[in-house]
Structures are given as C-alpha cells and as structure tokens.
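Participant: Generate the whole structure from the sequences, applying the supplied hints.
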Amino acid sequence: MAGAALTLVAVSACGRSGATASATGDDTLTLSIGNAHTGWDLASAALGDNIQYYEPVFDSLVRLDPEARPHPNLATSWSYDRDRTALTMRLRKDVRFTDGTALDATAVRKSLLHTKEGTNEAAGKLRAIDSVEVVNPRTVVLHLSAPDPQLVANLGDPSGMIASPGDLTAKGGPVGSGPYVLDKAATTNGSTYAFTRNPDYWNPKAYPFDKIVIKNVSDPTARLNALLSGQVDWARITPQTARYAKGHGLGVRAHADSVEGLYIWDRTGRTVPALGKVKVRQALNHAFDRKTIVEKLNLGYATATSQLATAGSTWYEKSLESNYAYDPAKARRLLAEAGYPHGFTVTMPDVSSVAPGQQVVMVQALEDIGIKVKVDKIPFTRLFTALQSGEYPMSWFKLQSGQPWDFIQSELTRGAAWNPAKDFDPKLNRMIDKAQRARGGAQTAAFRAINSYLQDNAFNAPWDVLDAVQGNSKRIKVTPRAFVSAVPISNMAPAG
Amino acid sequence: MLTFLVRRVTAGLVLLYVLATAAFAMMSLTGADAARNIAGTMATSEQIAAKRHQLGLDRPWIGQYGQWLTHAVRGDFGTSWFGGDSVSESLVLKAPVSLSIVVSGLLLATVLSAVLGVAAAVRRGWLDRVVQATAIVGYAVPSFLMALLLSATLAVQLGWLPATGYVPLASSPSDWLRSITLPAVSLAIGAIAATAQQVRGSVIDVLRQDFVRTLRSRGLSERRVLFRYVLRNAAPPALTVLSLQFISLVGGAVVIEKVFGLPGVGSAAVTATINGDTPLVMGVVVYLVLIVVAVNLLVDLAYGWLNPKVRVR
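Chains as they are written, first to last, in the UniProt record's numbering: chain A, 1 to 496; chain B, 1 to 313.
It should be emphasised that the hints constitute simulated quantities derived from the structure, not laboratory data. Bear in mind that the values here come from a model prediction, so they are computed numbers and not experimental data. Careful: at least some of the hints might be erroneous.
So, partial list: chain A residues that the calculated Cβ filter (under 8 Å) puts toward chain B [as the list claims (entries may be wrong)]: (1) A36; (2) H37; (3) T38; (4) A46; (5) T188; (6) G190; (7) S191; (8) S218; (9) N225; (10) L228; (11) G415.
Each residue gets a CB set at the ideal place from its N, CA and C atoms; glycine is no exception.
Facilitator: Have a look at this one:
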C-alpha cells in the first residue's frame, strides 16, 4: 500500500498564526501518520509511511543512513559467500527483548522466517530467503535461492526487524528489543499509539526523545491543522499546502519519492497493438511538457525527468535526465513512422479523483499528437486491481523507483506486481540476470545499462520525480532518508 | 402501548436484516480487493491469492454472508482484516467519539432551534427576519465547510480549541468538552437552521388556531398559553424534523470526523469501505442501523406520549 500509495490532494484551510511549541512537552515527539496501522505482527507489516509505527518497538538487523546505506545495528557485521547466496551475520551481544528473552541467532531465525511467511510488503522483501541457519548463538546465515542485491538494505526496514520468539504474532502487543515500549494505557488502537523508553535499550543516544506519540490522521487538512496548532511535531503534507505551512513558521522538507508519468502497462501490444512498437512508446515520451507539469501541477515539488531512476540511486544516469524533450511534432512523426499517422484510440482509467490536473494534462497531450483517449469511469477502490490485472493498456500513475533491484522486483520481473503484461524480453532478462550476479562497480554498470535500455525502449513515459513533502515544528530537526516517503524516527532530534 | 412497541421493534429488526444483507452484497460488488489492499501494492499474484484464501474471499459471497450472519447473531462481528482488532472492541472504542459529537450536536440543535424558532414566531418583525436569513445561510453552508472554517479560525488561528483529536470523557471532562465543541457546532449548524424554521412555522400555525384564541379569551397568560398549549401542539412536526436531522448528523459525522481527525465510527467507516474491510464495514452498518432504529423508536414513543391517537396506528 505504502510503496506506491496515491495521496489525495489536500486543499488548505486558511489561517494566520502557527503555534510551534509542542503540546505534549519537550521530551515528547508527536507524529501524525496518514496510513492506518496494519497490526503489530511483522508478517503483516507494510512499508513506506508505516515504518514509523514499527521503529519504536522493534530493532532492525542493520540501520540505514540518510543515503540508505546499511550500517551495523543488531548485526555487527555481515558478509556474503562467493555466489552471494549465503549471507552470514554476526549478532550483537547482551540484547534482550522486553519480555526478558535474549536476542540470539535462534530468535533471529524464527522472526525472519515468520515475517517471510506473511503476505504484506515486509514479507515480499524477504522473498529470496530459502532458509536461515543458526551457526551459533551469535551467528546466523541467510541462505538465498538467488542473489538479492538489495537484501542487506531491506534488513534495515520492518523486513529485518526482530520480534521476540515468545510472541511473534504480537497477540498481546508488540514484543521487541527496540528503543521504546508501547504504553498500552495511553494507546487507543486505530488512532493514537504512545511509546515510553525501553530502559534496557542498548543505543539510547540514537533516540533522544523520552516519549513518542503517533497519531493516525488520514485527512491531509487535519494533519496540516494539527501541525499548525502545535498538536504534532511532524506530518506528511502536500505541495499545495507547503508554501502556506512554511509561511506560518513550520519547517518544510521535501525529498525525491516516486516517479510520476504515463505508465505503459501493455508493452507487448496485446490489447493495443500500437503500444508494442518502440517508436510509438517513444512518441508518447515526446508528448509531455515536463517542466510545465513540475511548475504548474506540482508547484515545484518535483523534478522533471525522462528516466525511471531517481537521483541518488545507484543506477541513476544524469545524462538520461533530459532525453525525450517536449516535441509534439516529433511525436507525430514517430507515430507515422510506426504506421500510425492518424494515431490510435486507447481506453484509460479515470484518475481524476486522485490526480485531476494530471488527468487533464495527460489527455490533452495525447490528443495533441493524435491519440484519442476514452476515459473509463472506475471507482478508486478498483484502480490498483484493474491496473495490475492488465485491464488498461496505459494510465497515469506513480511508483517508488528507489534502488534498481527494488524497481526490477516490483516492475520488471515476470511475477512483478506492476508488470501486468508479464512481457518477456529475453535481452532485458539477460541484463537483469547479469546485474543480479555481478558485484561492486560491475553491478552498478549493469544496473545503469538496464536503466539506459528501459529509456531507449521507452518502457514508460516518466514526467517527473515527485517529492515526499513533510512539515515539522521548529522544535525538532529532521533528516529524510532516501528511497522512503517517511522519515525514520531515529532521524528526528530536538532542534537545540 | 406494548403491541405498538413490539411492532416497532420487529420492524427495526427486519430493517436491520435487510440493510445488513444489502451492505454485504454491495461490499462484494464494489470491486475493492481487500486481499490486494492488505498485501500491498508490491505483492505478487501468489501472495494476493494466499491472502484471498486466508480471508475466505475465494468462496461464493452467499457462503461468506451466511458465516458472517451466524457469528453476528451471537454478537461476534469478527476481526478487522486490517490491523486484526476485534470489530466489537473497535466499535466500543469508536462509538463514544461519534456519539459525543452527534448527541452534543443534536442537543445544541434542539435547544437553539427551539429558542430561535419560538422567538421568531412570537416576536416576528426584525427578529423573525434575522432568524430566517441566518437559517437559510446556515442550511446552505455544508457542514464540512463550516468545520474547515471553524478549525482554521478558532483552532489554528486563535488557538482557543484543539484542531484535531479526541479526549475521552473519563480522562478529562473539560478536555473532552474542548475536543468535541468544534465538531459538534459544525454538525449542529445545519440542523439548527432546518429545525428552527420548522419550529417557527409550527408555532405560527398553532398560534393562529381557534383554541388559542379561546384560551386567551379565558384570561390565561401569554406565557402559559405558549408553554402549556402551543408548544405541545407545535412539537410533533418539529420532532419529525429533528429525528431526520439526527440521521443527517450521523451521516455528517463521517466527514466531520475526518476534518477534525477524530477516531470515530464515521472515519472508520470511510477507511474500511475504501479498503474493502468487510467485517469492520458490517460492524459499522449494524451499529448505525441500531442507532437509527432506536432513535426512531424514541421519536415514535414521544409522538405517542404527545398524541395518544398515534399509538393505535
């Protein structure tokens, strides 16, 4: 859900002053999260914004820095074997779960396998794990069915968080070894979650606040009002309200999040034969005025791009940034060369409930190059299912692209959730296979080659990288982390 | 009176059954794929299929409904597919939030609409015109817009009241009152406008009737005529409007809870419907229908008390 969550556009209410003092005291950090909590069982854990729910109570095997590079945490060191299918991790001593159980290799094994058996996003990131071997109480080996270039980094999120073997399903509430414990008396399931310090936590310096309060507020205007009135210290806000928030004394931060644009789901031309032709897909890439979309629709909280990689990821190529310039005449020429001088007709889902401006711009741009668009009314509740099942040949959409292996897993492999056509490109598959097994610089080069190949073959028609925009009170300082919409709680500290 | 009560309760139970069945059928027709929503956007088709099987969504809807119904009649509404909380426990936590703002809004609407309606009918002149004009504006402005305006001015700008959140009555009565004031006022304004107009019209009608003239000619004071006779006769139509307004307030609470970030039944209903969380949606439906049936029953009883002829219908 969180990975590619579509966020509703908020319209700001008006107001004048912005209180910035915390309503809950200096040692309390209060956050507001738009996503509903999916329960404490890590097998049900979602990622994205949901990460903040789990971080206070569960510690992870590795810790990710702002660039999303892994550092020691519960695992003090790690190394791969020659084939990169066995990951050996050494574990920290003297860590205990809050039920008194010691954290050892057996606990890690049970917790990881339990999460892997789940059906949510955290489980999906552990797909490559075949088995977990306990070598000794301090050493565990993760045996993989195939190399997973992203596995270690994924162990810094709920996928790599460790729950006590005494209550893996968290029936009695979360039992972890994290920096805080759930304060059940001050918690109302579904709305407010309060956490107090875990006195036995090994690394309290990483978490300077004595108390954490997380409020689930789904409405973006309500979140903004809570920020403006000083009821919360941090919340996701929208580009439409960012300037207003800044003008009223709040800190506003934005970092690259998801790639927005025209997603071409039917690249094989199964339902719309024209889309099977590279020149047609390239024509679609020349149809959009990306700069104007960034400035007018996204109010500058985006970066125009024509590649699928976000800046900072290992497969990002600056030289690919501005290919496919806005050129409707060239688009029409390419369509003619592909055998479609008068364009073609395509049915697309109505996305006006989540991206009204984008829908208008997209339809106009496509009609400008001769493509007739039939907009199919569809309830928002059916949109994801319809797109994933290949019901529509193309649509406006946005997806997090993050690091290359995550992208490949979610959009390119045959079983990928966002590869509805299940298209099979032997050349691309060979490139993916090569990148999966390569190391170091060779792996980076292989991923960049894939990025280049995707652009040359116009897999999609990206417009921009949208920002995740957040507001915070001036009493805290916030450092975002790359490739995730939420900011980890360990990246928040008192401003003083 | 007992037969009257039994008939009304039976009708309420039939209504509950029909609406619950319709709601369950509609949940399966909306196309919201709960399994996919739970598994997340990155889940593979195998993961989604496993989740669908786990939730029983791969069975015909009539079988799913039969299972839900047999549990529900025993008071077991199952667990939410998202979060895994017990639906009954969840409603016990959320119902006080919604009831706080709806009942407070209704009380506010009852008192203010009675005062304004009677004052306008009795005094007429400029006061009547002001009440009528204000009522039209109050009725025309949607409650969510009123909520946004009140929140932006009184909470965010002036800081007089909290912009979001709910404090339970048991934790702190004063903070509870502060937390529900703006939502309740936002909800009540439309109801005040509609009911005040109805009270005004009814009072004017009754004041024109012959028996009022007779009462006055017998030397009864204006105050006694108004409070003892006129209001009792003018009350039934106003009560009808008020009961309809209550249902409208319950519906309005859905939006108001979102605007003020209140963890009530309304906001749970919206989220659960979007996600396709059938157990929670069904719990909410049963809860809402029971409330509406109970209120209608109370209104019927009040009618019967005001006018004994109603009881024999």
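Participant: Is the hint on A/G415 kept, meaning its closest Cβ partner in chain B is under 8 Å away?
Facilitator: Where the cut-off is 8 Å and the nearest Cβ of chain B is about 5 Å from A/G415, the hint holds.
Participant: Holds or violated: A/L228 as interface residue toward chain B, Cβ cutoff 8 Å?
Facilitator: 5 Å, holds
Participant: Grab the minimum C-beta distance from A/T188 to chain B and call the hint holds if it beats 8 Å, violated otherwise.
Facilitator: This hint holds: A/T188 lies near chain B, its Cβ roughly 6 Å from the closest one there, short of 8 Å.
Participant: Min Cβ distance, A/A46 to chain B: is it shorter than 8 Å?
Facilitator: 5 Å, holds
Participant: Quick check on A/G190 please, does its C-beta sit within 8 Å of some C-beta on chain B?
Facilitator: 6 Å, holds
Participant: So, as I understand it, the hint says A/A36 touches chain B; can you test that by seeing if any CB pair is closer than 8 Å?
Facilitator: Holds: closest Cβ of chain B sits about 6 Å from A/A36, inside 8 Å.
Participant: Checking hints one by one. Is A/H37 an interface residue toward chain B, by the C-beta closer than 8 Å rule?
Facilitator: With a closest approach of 6 Å, the A/H37 hint holds.
Participant: Are A/S191 and chain B close enough, Cβ to Cβ, to be under 8 Å, as the hint says?
Facilitator: Since chain B brings a Cβ to about 3 Å from A/S191, closer than 8 Å, the hint holds.
Participant: Does A/N225 pass the interface check with chain B, least Cβ-Cβ distance below 8 Å?
Facilitator: Since the shortest Cβ distance to chain B is 4 Å, the answer is holds.
Participant: Is the hint on A/S218 kept, meaning its closest Cβ partner in chain B is under 8 Å away?
Facilitator: 6 Å, holds
Participant: Tell me if the interface restraint on A/T38 is satisfied: Cβ within less than 8 Å of some Cβ in chain B.
Facilitator: 6 Å, holds
Of the numbered hints given earlier, the model fails none.
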